[in-house]
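Student: Sequence:
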Amino acid sequence: MTTLAGKTVVVTGVSKGIGAAVAAAMVAAGARVIGHYGRDRAGAETAVAGAADGQATLISADFHDMAAVDAFWDDCRAAAGGRIDTLVNNAGIMRQTGGIPDPIEDWDAVWSETMTVNVHAPARLLRHAVRDWLDAGKGGSIIGIGSWAATRGTSNPRAIAYAASKAAITAATKTVARNYADRGILAYVIAPGVVRTQMSVDSAEAVGGEAAVTAGLPMGEWVPPEDIGALCAFLAEGRARHLTGSTIDLNGAAYIR
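All the letters of the sequence shown, read from the start, carry residue numbers 1 to 257 under the numbering used here.
Please note: incorrect hints may appear among the correct ones.
Unchecked claim - Computed Cβ-Cβ distance ranges for the label pairs, DEER-style:
(1) Gly220 / Asp65: 38 to 44 Å
(2) Asp135 / Gln198: 37 to 43 Å
(3) Gly208 / Asp53: 45 to 51 Å
(4) Leu134 / Glu205: 43 to 49 Å
(5) Thr3 / Arg77: 20 to 26 Å
(6) Arg77 / Ala109: 32 to 38 Å
(7) Gly50 / Arg83: 19 to 25 Å
(8) Arg183 / Gly6: 17 to 23 Å
Don't read these hints as lab results, they were simulated from the structure. We put the CB at the ideal spot given by N, CA and C, even for glycine.
I would like the entire structure built from these sequences, with the hints used as guidance.
Tutor: Structure, rendered in C-alpha coordinates:
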(Lines of atoms letter the chains of each structure in order from A; the text may use other names.)
(Lines give C-alpha, C1' and ligand atoms only; values in the text may rest on other atoms or scores of the structure.)
Protein backbone atom coordinates (compact mmCIF):
# COMPACT_ATOMS: atom_id res chain seq x y z
CA MET A 1 0.00 0.00 0.00
CA THR A 2 1.32 3.44 -0.92
CA THR A 3 1.97 5.70 2.03
CA LEU A 4 2.92 9.36 1.79
CA ALA A 5 2.67 10.25 5.46
CA GLY A 6 5.00 13.12 6.25
CA LYS A 7 5.28 14.25 2.62
CA THR A 8 3.92 17.47 1.12
CA VAL A 9 2.67 17.36 -2.45
CA VAL A 10 1.66 20.28 -4.68
CA VAL A 11 -0.90 19.36 -7.35
CA THR A 12 -2.01 21.86 -9.98
CA GLY A 13 -5.45 21.90 -11.56
CA VAL A 14 -7.33 19.95 -8.88
CA SER A 15 -10.83 21.19 -9.66
CA LYS A 16 -11.67 18.39 -12.08
CA GLY A 17 -10.50 15.47 -14.16
CA ILE A 18 -6.99 14.14 -13.69
CA GLY A 19 -5.99 16.76 -11.14
CA ALA A 20 -8.96 15.95 -8.92
CA ALA A 21 -8.12 12.24 -9.05
CA VAL A 22 -4.45 12.91 -8.26
CA ALA A 23 -5.31 15.12 -5.31
CA ALA A 24 -7.73 12.52 -3.94
CA ALA A 25 -5.13 9.75 -4.30
CA MET A 26 -2.49 11.82 -2.51
CA VAL A 27 -4.89 12.56 0.33
CA ALA A 28 -5.81 8.88 0.61
CA ALA A 29 -2.12 7.98 0.79
CA GLY A 30 -1.64 10.36 3.72
CA ALA A 31 0.18 13.24 2.01
CA ARG A 32 -0.17 16.86 2.97
CA VAL A 33 -1.74 18.23 -0.22
CA ILE A 34 -1.53 21.78 -1.55
CA GLY A 35 -3.97 22.01 -4.42
CA HIS A 36 -4.09 24.67 -7.10
CA TYR A 37 -7.28 25.76 -8.82
CA GLY A 38 -8.23 28.57 -11.17
CA ARG A 39 -11.81 29.62 -10.49
CA ASP A 40 -13.66 26.46 -9.47
CA ARG A 41 -13.24 26.42 -5.70
CA ALA A 42 -16.16 24.00 -5.25
CA GLY A 43 -14.57 21.44 -7.55
CA ALA A 44 -11.26 21.73 -5.71
CA GLU A 45 -12.99 21.23 -2.37
CA THR A 46 -14.67 18.10 -3.68
CA ALA A 47 -11.32 16.69 -4.79
CA VAL A 48 -9.87 16.89 -1.26
CA ALA A 49 -13.10 16.11 0.59
CA GLY A 50 -11.48 13.07 2.17
CA ALA A 51 -8.72 15.09 3.82
CA ALA A 52 -8.36 15.25 7.56
CA ASP A 53 -8.29 18.62 9.30
CA GLY A 54 -5.19 20.50 8.17
CA GLN A 55 -4.25 17.92 5.54
CA ALA A 56 -5.20 19.97 2.49
CA THR A 57 -4.76 23.60 1.47
CA LEU A 58 -6.36 25.09 -1.64
CA ILE A 59 -4.79 28.07 -3.42
CA SER A 60 -6.17 29.89 -6.45
CA ALA A 61 -3.90 31.23 -9.19
CA ASP A 62 -4.27 32.31 -12.81
CA PHE A 63 -1.60 30.49 -14.80
CA HIS A 64 -1.93 32.97 -17.66
CA ASP A 65 0.08 35.36 -15.46
CA MET A 66 3.65 34.47 -14.49
CA ALA A 67 3.56 36.85 -11.52
CA ALA A 68 0.58 34.86 -10.25
CA VAL A 69 2.51 31.63 -10.80
CA ASP A 70 5.42 32.97 -8.73
CA ALA A 71 3.05 34.14 -5.99
CA PHE A 72 1.38 30.73 -6.00
CA TRP A 73 4.71 29.02 -5.32
CA ASP A 74 5.44 31.45 -2.50
CA ASP A 75 2.05 30.59 -1.01
CA CYS A 76 2.83 26.89 -1.37
CA ARG A 77 6.11 27.33 0.49
CA ALA A 78 4.32 29.14 3.29
CA ALA A 79 1.57 26.51 3.51
CA ALA A 80 4.14 23.72 3.55
CA GLY A 81 6.26 25.30 6.22
CA GLY A 82 9.11 25.52 3.75
CA ARG A 83 9.37 21.90 2.58
CA ILE A 84 7.67 20.58 -0.58
CA ASP A 85 8.50 17.02 -1.57
CA THR A 86 6.66 16.57 -4.87
CA LEU A 87 5.24 18.82 -7.58
CA VAL A 88 2.59 17.36 -9.87
CA ASN A 89 2.37 19.58 -12.95
CA ASN A 90 -1.12 18.78 -14.18
CA ALA A 91 -3.00 21.99 -14.99
CA GLY A 92 -3.47 22.63 -18.69
CA ILE A 93 -5.83 23.73 -21.42
CA MET A 94 -6.93 22.33 -24.78
CA ARG A 95 -8.77 24.87 -26.91
CA GLN A 96 -11.07 23.55 -29.62
CA THR A 97 -10.01 26.12 -32.17
CA GLY A 98 -6.73 27.43 -33.55
CA GLY A 99 -6.11 24.64 -36.04
CA ILE A 100 -4.56 25.01 -39.47
CA PRO A 101 -7.90 25.72 -41.25
CA ASP A 102 -8.89 28.38 -38.72
CA PRO A 103 -8.30 32.14 -39.10
CA ILE A 104 -4.78 33.29 -38.33
CA GLU A 105 -6.12 35.42 -35.48
CA ASP A 106 -7.46 32.27 -33.79
CA TRP A 107 -4.24 30.40 -34.50
CA ASP A 108 -2.08 33.11 -32.91
CA ALA A 109 -4.33 33.56 -29.88
CA VAL A 110 -4.58 29.84 -29.12
CA TRP A 111 -0.87 29.15 -29.61
CA SER A 112 0.06 32.07 -27.36
CA GLU A 113 -2.37 31.09 -24.60
CA THR A 114 -1.56 27.39 -24.80
CA MET A 115 2.18 27.91 -24.56
CA THR A 116 1.71 30.26 -21.61
CA VAL A 117 -0.53 27.96 -19.58
CA ASN A 118 0.80 24.55 -20.65
CA VAL A 119 4.52 25.32 -20.93
CA HIS A 120 5.62 28.56 -19.29
CA ALA A 121 3.56 28.14 -16.12
CA PRO A 122 4.54 24.53 -15.32
CA ALA A 123 8.14 25.22 -16.33
CA ARG A 124 8.18 28.17 -13.94
CA LEU A 125 6.93 25.94 -11.12
CA LEU A 126 9.46 23.28 -12.05
CA ARG A 127 12.21 25.91 -11.86
CA HIS A 128 11.07 27.08 -8.43
CA ALA A 129 10.92 23.53 -7.10
CA VAL A 130 14.33 22.49 -8.37
CA ARG A 131 16.00 25.67 -7.10
CA ASP A 132 14.45 25.17 -3.65
CA TRP A 133 15.65 21.58 -3.50
CA LEU A 134 19.15 22.54 -4.61
CA ASP A 135 19.30 25.31 -2.01
CA ALA A 136 18.15 22.92 0.71
CA GLY A 137 20.52 20.17 -0.37
CA LYS A 138 17.63 17.73 -0.41
CA GLY A 139 15.91 15.96 -3.24
CA GLY A 140 12.36 16.04 -4.49
CA SER A 141 10.29 14.86 -7.40
CA ILE A 142 8.49 16.33 -10.37
CA ILE A 143 5.61 14.42 -11.93
CA GLY A 144 4.48 15.90 -15.22
CA ILE A 145 1.12 14.95 -16.68
CA GLY A 146 1.88 14.79 -20.37
CA SER A 147 -0.02 13.20 -23.22
CA TRP A 148 0.47 10.55 -25.85
CA ALA A 149 -0.08 13.42 -28.30
CA ALA A 150 3.41 14.68 -27.39
CA THR A 151 4.91 11.66 -29.16
CA ARG A 152 2.37 10.57 -31.77
CA GLY A 153 0.70 13.88 -32.57
CA THR A 154 -3.05 14.25 -32.21
CA SER A 155 -5.89 13.07 -34.42
CA ASN A 156 -7.75 16.27 -33.52
CA PRO A 157 -6.48 18.93 -35.95
CA ARG A 158 -7.73 21.72 -33.70
CA ALA A 159 -5.50 20.52 -30.85
CA ILE A 160 -2.20 21.05 -32.67
CA ALA A 161 -1.04 23.69 -30.15
CA TYR A 162 -1.94 21.38 -27.27
CA ALA A 163 0.15 18.54 -28.71
CA ALA A 164 3.11 20.86 -29.24
CA SER A 165 2.85 22.24 -25.72
CA LYS A 166 2.85 18.78 -24.17
CA ALA A 167 5.97 17.87 -26.14
CA ALA A 168 7.70 21.02 -24.90
CA ILE A 169 6.99 20.56 -21.19
CA THR A 170 7.83 16.86 -21.49
CA ALA A 171 11.29 17.77 -22.82
CA ALA A 172 11.78 20.27 -20.00
CA THR A 173 10.86 17.67 -17.39
CA LYS A 174 13.25 15.12 -18.90
CA THR A 175 16.02 17.72 -18.87
CA VAL A 176 15.59 18.06 -15.13
CA ALA A 177 15.81 14.29 -14.77
CA ARG A 178 19.06 14.12 -16.72
CA ASN A 179 20.81 16.97 -14.95
CA TYR A 180 19.85 16.67 -11.29
CA ALA A 181 19.46 12.96 -10.57
CA ASP A 182 22.76 12.88 -8.69
CA ARG A 183 21.30 15.39 -6.25
CA GLY A 184 18.22 13.35 -5.52
CA ILE A 185 15.90 15.29 -7.81
CA LEU A 186 13.72 12.92 -9.80
CA ALA A 187 11.39 13.71 -12.68
CA TYR A 188 8.79 11.59 -14.42
CA VAL A 189 6.26 12.08 -17.19
CA ILE A 190 2.96 10.23 -17.30
CA ALA A 191 1.57 10.12 -20.84
CA PRO A 192 -2.14 9.25 -20.72
CA GLY A 193 -4.18 8.25 -23.73
CA VAL A 194 -7.91 8.98 -23.87
CA VAL A 195 -8.91 9.80 -20.31
CA ARG A 196 -12.46 10.07 -19.02
CA THR A 197 -12.45 13.88 -18.63
CA GLN A 198 -14.50 16.71 -20.09
CA MET A 199 -11.45 17.83 -22.05
CA SER A 200 -11.35 14.47 -23.82
CA VAL A 201 -15.09 14.50 -24.44
CA ASP A 202 -14.79 17.91 -26.09
CA SER A 203 -11.85 16.76 -28.19
CA ALA A 204 -13.69 13.62 -29.30
CA GLU A 205 -16.38 15.74 -30.91
CA ALA A 206 -13.81 16.92 -33.46
CA VAL A 207 -12.99 13.37 -34.57
CA GLY A 208 -16.35 11.66 -34.87
CA GLY A 209 -17.64 11.61 -31.31
CA GLU A 210 -17.15 9.47 -28.22
CA ALA A 211 -18.33 6.21 -29.79
CA ALA A 212 -15.88 6.55 -32.68
CA VAL A 213 -12.99 7.19 -30.30
CA THR A 214 -13.95 4.27 -28.05
CA ALA A 215 -14.16 1.91 -31.02
CA GLY A 216 -10.46 2.44 -31.66
CA LEU A 217 -9.36 1.52 -28.12
CA PRO A 218 -8.22 -2.08 -27.47
CA MET A 219 -9.82 -2.15 -24.03
CA GLY A 220 -12.99 -0.55 -25.35
CA GLU A 221 -12.93 2.05 -22.59
CA TRP A 222 -11.36 5.35 -21.69
CA VAL A 223 -8.66 5.59 -19.01
CA PRO A 224 -10.17 6.32 -15.59
CA PRO A 225 -8.53 9.38 -13.99
CA GLU A 226 -8.15 7.32 -10.82
CA ASP A 227 -5.54 5.14 -12.59
CA ILE A 228 -3.40 8.23 -13.08
CA GLY A 229 -3.94 9.31 -9.48
CA ALA A 230 -2.76 5.93 -8.19
CA LEU A 231 0.36 6.05 -10.39
CA CYS A 232 1.21 9.56 -9.20
CA ALA A 233 0.96 8.47 -5.56
CA PHE A 234 3.25 5.52 -6.25
CA LEU A 235 5.85 7.72 -7.93
CA ALA A 236 5.68 10.30 -5.13
CA GLU A 237 6.52 7.62 -2.59
CA GLY A 238 10.01 7.32 -4.06
CA ARG A 239 10.27 3.53 -4.32
CA ALA A 240 11.03 3.64 -8.06
CA ARG A 241 13.87 6.14 -8.17
CA HIS A 242 15.44 4.61 -11.28
CA LEU A 243 12.31 5.34 -13.27
CA THR A 244 13.42 8.97 -13.26
CA GLY A 245 13.45 10.38 -16.78
CA SER A 246 10.86 7.88 -17.94
CA THR A 247 7.71 8.57 -19.88
CA ILE A 248 5.14 6.13 -18.52
CA ASP A 249 2.41 5.35 -21.04
CA LEU A 250 -1.05 4.85 -19.59
CA ASN A 251 -3.42 4.22 -22.47
CA GLY A 252 -4.82 0.68 -22.31
CA ALA A 253 -2.53 -0.59 -25.12
CA ALA A 254 -3.93 1.97 -27.57
CA TYR A 255 -0.40 3.21 -28.33
CA ILE A 256 2.60 0.94 -27.83
CA ARG A 257 6.12 2.04 -28.68
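Student: Within 45 to 51 Å: is that where the Cβ-Cβ distance between Gly208 and Asp53 falls?
Tutor: holds (47 Å)
Student: Does the Cβ distance between Arg77 and Ala109 fall inside 32 to 38 Å?
Tutor: holds (33 Å)
Student: So does Asp135 sit 37 to 43 Å from Gln198, Cβ to Cβ?
Tutor: holds (39 Å)
Student: Taking the Cβ atom of Leu134 and the Cβ atom of Glu205, is their distance within the range 43 to 49 Å?
Tutor: Holds, at about 44 Å.
Student: Taking the CB of Gly220 and the CB of Asp65, does the distance hold inside 38 to 44 Å?
Tutor: Holds, at about 42 Å.
Student: CB of Arg183 to CB of Gly6, is that within 17 to 23 Å?
Tutor: holds (21 Å)
Student: At the C-beta level, are Thr3 and Arg77 separated by a distance inside 20 to 26 Å?
Tutor: holds (24 Å)
Student: So the hint says 19 to 25 Å: do the beta-carbon atoms of Gly50 and Arg83 match that?
Tutor: holds (23 Å)
Against the hints set out earlier in the document, no violation occurs for any number.
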